[in-house]
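Peer 1: Protein chains in written order, with the working numbering: chain V, 1 to 205; chain Y, 1 to 251.
All the pointers check out, no bait thrown in.
Partial pick of chain V residues on the chain Y-facing surface, computed with a CB cut under 8 Å: (1) M37; (2) E51; (3) W117; (4) A147; (5) T153.
Not close to chain Y: a few residues of chain V, all C-beta gaps over 12 Å, as computed: (6) D9; (7) A11; (8) L12; (9) E15; (10) G162.
If you're looking for bench data, these hints aren't it; they were derived computationally from the structure. Backbone N, C-alpha and C define an ideal beta-carbon position, used for all residues, glycine too.
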Amino acid sequence: MTDTAQPPDDALLAERLRSGDREALGELYDRYASVAMAVAVRVVTDRELAEDLVHDAYVAVWQKIDRFDASRGSLRAWLLTIVRNRAIDRLRGTRPSIEVGEADEQSLLRTGPNPTWEAALQQRSASELRHALESLPQEQRQAVELAYFGGRTYREIAQLTGVPQGTANGRLRLALAKLRDSLSLTDAAPLSVQAEPVRAEGIDR
Amino acid sequence: MTPLRFGCQDVDELAGALALGAVDADQARAAREHLSSCPEPHAELRSLLGADAVLAAGLDPVQPSAALRERLMASVDAMPRRPEAAMSVAEPPARRGWLDWLSPQLARPMALAGVGAALALAVVSVSLAGQLGDRDRALRAVASALAADAPAHRVEGPAGRGYVVDTEGAGAAFIVADVQGPLAADELYELWLIGPEGPVDVGVFRPRNNEITVIPVERDLSGFETFAVTVEAERVTAPTGDPVMAGAIGS
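This is chain Y alone, in the form it adopts within the complex (with noise of 0.2 Å):
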């Protein structure tokens, strides 16, 4: 599967919209990665950004019943205003330090086209409750039967472990993680591959109890090194903290 590419001139003409989020995941991501490294300004791309907040502020204003306040008040006051598990981590496994590979000139441009787009994920989720005793095993099962003795790749550390499987000419790879590691209500696992561009997102999920989750990525592997896990608030395009997870994904 051949990752679309943009040039200038695609960038131009869909400069609306862009700045309106209007385009396709693949298309809002190869405007980010034109963007990337392209000297040109896009000027008229620029210009357009920010019109969202004017056509809100046009609409009339609708007054929020007053119960509102109050109910947003009492719950701001009964949670921490940003919970400490995403921001550290005990034992960063392989590859500490990653985060530096982002350099502003790359994650401004990289946030520019963003993932607000349209995002298809889809989380399948096998619940195996109480009936595997080996939890490692059962992984590697599940693994082995989505891609067929494909090579599986251990991604590992202090959330929780799982292999990343290359479906290869499938144009397509799994991650099947047992992750273990407590997750706030307003949290998700992100998911990185890592080149030597530095990380791009690949996906998000959040694990139930009990259960293994068989995530899709939404990214060939092919020219990546490394595969990485880390805990966020929101779908990000640059990791905010060190991986929860990492493994080496290169043969």
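So here's chain V without its partners, still in its complex pose (with noise of 0.2 Å):
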């Protein structure tokens, strides 16, 4: 895989995907094993578990593409949150007597793919996107990798950083807005973000 994000033409794919094209399949492996390889192997630190995660959650998408929308999101990005939550699951082990990650569901947490993600993927190089997480600050990039790369919830990543959960949870709604605003390439999805502190009491429940 060469340093790009773009997906070109995940739609078609699809569609061969759902009409049981095999060759579809080893298409999708061949653009996007690498990146789904690096997600596993940043959460779960060990390439041969990687591979089986990787391997299963191809054989995922061959099985249950009916279920892909791509009215909700890209196909990579599915494919990314499947080898993602599957690679959490495996490395908390909170749910060792199910064998399918309920948690492929959280590919659905989509209204529609977001135009700002969506180009900054097709038209952003990887070490641009790298940069642009880079750029974050420390204590930002730290809250979003233990949510993303660790399945931390904000309460988790407060008491594992000592901060108050409204200041952790304040700290991924800040993150993700800056990343988005600095990787916005159309006026179609920006959104101001208010920096104040947000309101502790609301979401200390």
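Two chains, two separate frames, one set of hints: put the complex together.
Peer 2: Structure representation (structure tokens):
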């Protein structure tokens, strides 16, 4: 895979997968296996285990492609969400009795392709995306990484980093908002973000 | 046990955490329920959803071993793409057609908050293989022991039978299921409580051979009329097929 995040014609690939086109799965593998491996290795820090997770994620895509809804996000995002969630499940070992991770359903956390993120994925190189993340204030980047790569809730992040829950939650929101704004290539998605501290009592339930 | 409820401000304040799935299960459920009926756009949350794909794409690629591709293709060659067992039910039990209760307006926001956040599901299996000739009596005995004579609502269908035991003041309920139907390796049973607003997922489980399984139901039974079980390929927020077990739980 080259140093580009561009997903060429995923919608067509998804249609071919739906029709049972085995070669389409091979093409999907060739496109995203290296980034899927990157996610899995980052989470579980074990290459052999990461390969098992990536294998299983691709099998899940093959078997469940009818559940993929392009109106909710890209095929790549769906695949990577499956990989990430399975890796988190394995890392935390919280649901050993369930063979199929219900966390895969997080791939449905979409209200439609977000133009900012989709444009960033298509038009920014991986190094640019990485630079955007590295440009975040250290505490915000740490919070995002604990959430995404560590599967931690904002409450757990607060405990791990020794800050109030409202602060941990606020760091996540501000970090994503900064990423969104720094990667914005269109006028469609960016929305203003209030930078004031999050009302702690509202979330410290 | 009063379920957590969210308003618009709660959802907006947790926008970043919700976008990354970094909330507790009850918060995800509360957000989902709020969004299912809220007319507000929640633009902040929507603008942050999808950021996870960017986080993944920013990593340095890691090349898998050369053998992984071959292994994958061999795996898919050896399996049906979608097991047929989950797609049809010979004798659907009560409330056939309840899937229609889920309107797109309801289903989509339900998926929004999702169940991807932490789910504390415990499955306790009690091995009674070879010890009980009368499974039905065993089920009642287990249910009774767990709930101390609490009401037990029968749930049955082509996949098996069991009881939903309402523990009422204890804040929990259980289904004791004698599941007989075959389940593919990548499938699971998902539990649903069905009320006026449609089905709500309350747990998943995979039975083991010759075992009776006791599963905590993740929500109080009050306000719901029917308990149902479907076969799913993964945990979902709306059932994809007809129930394989179902029964009334109202008084």
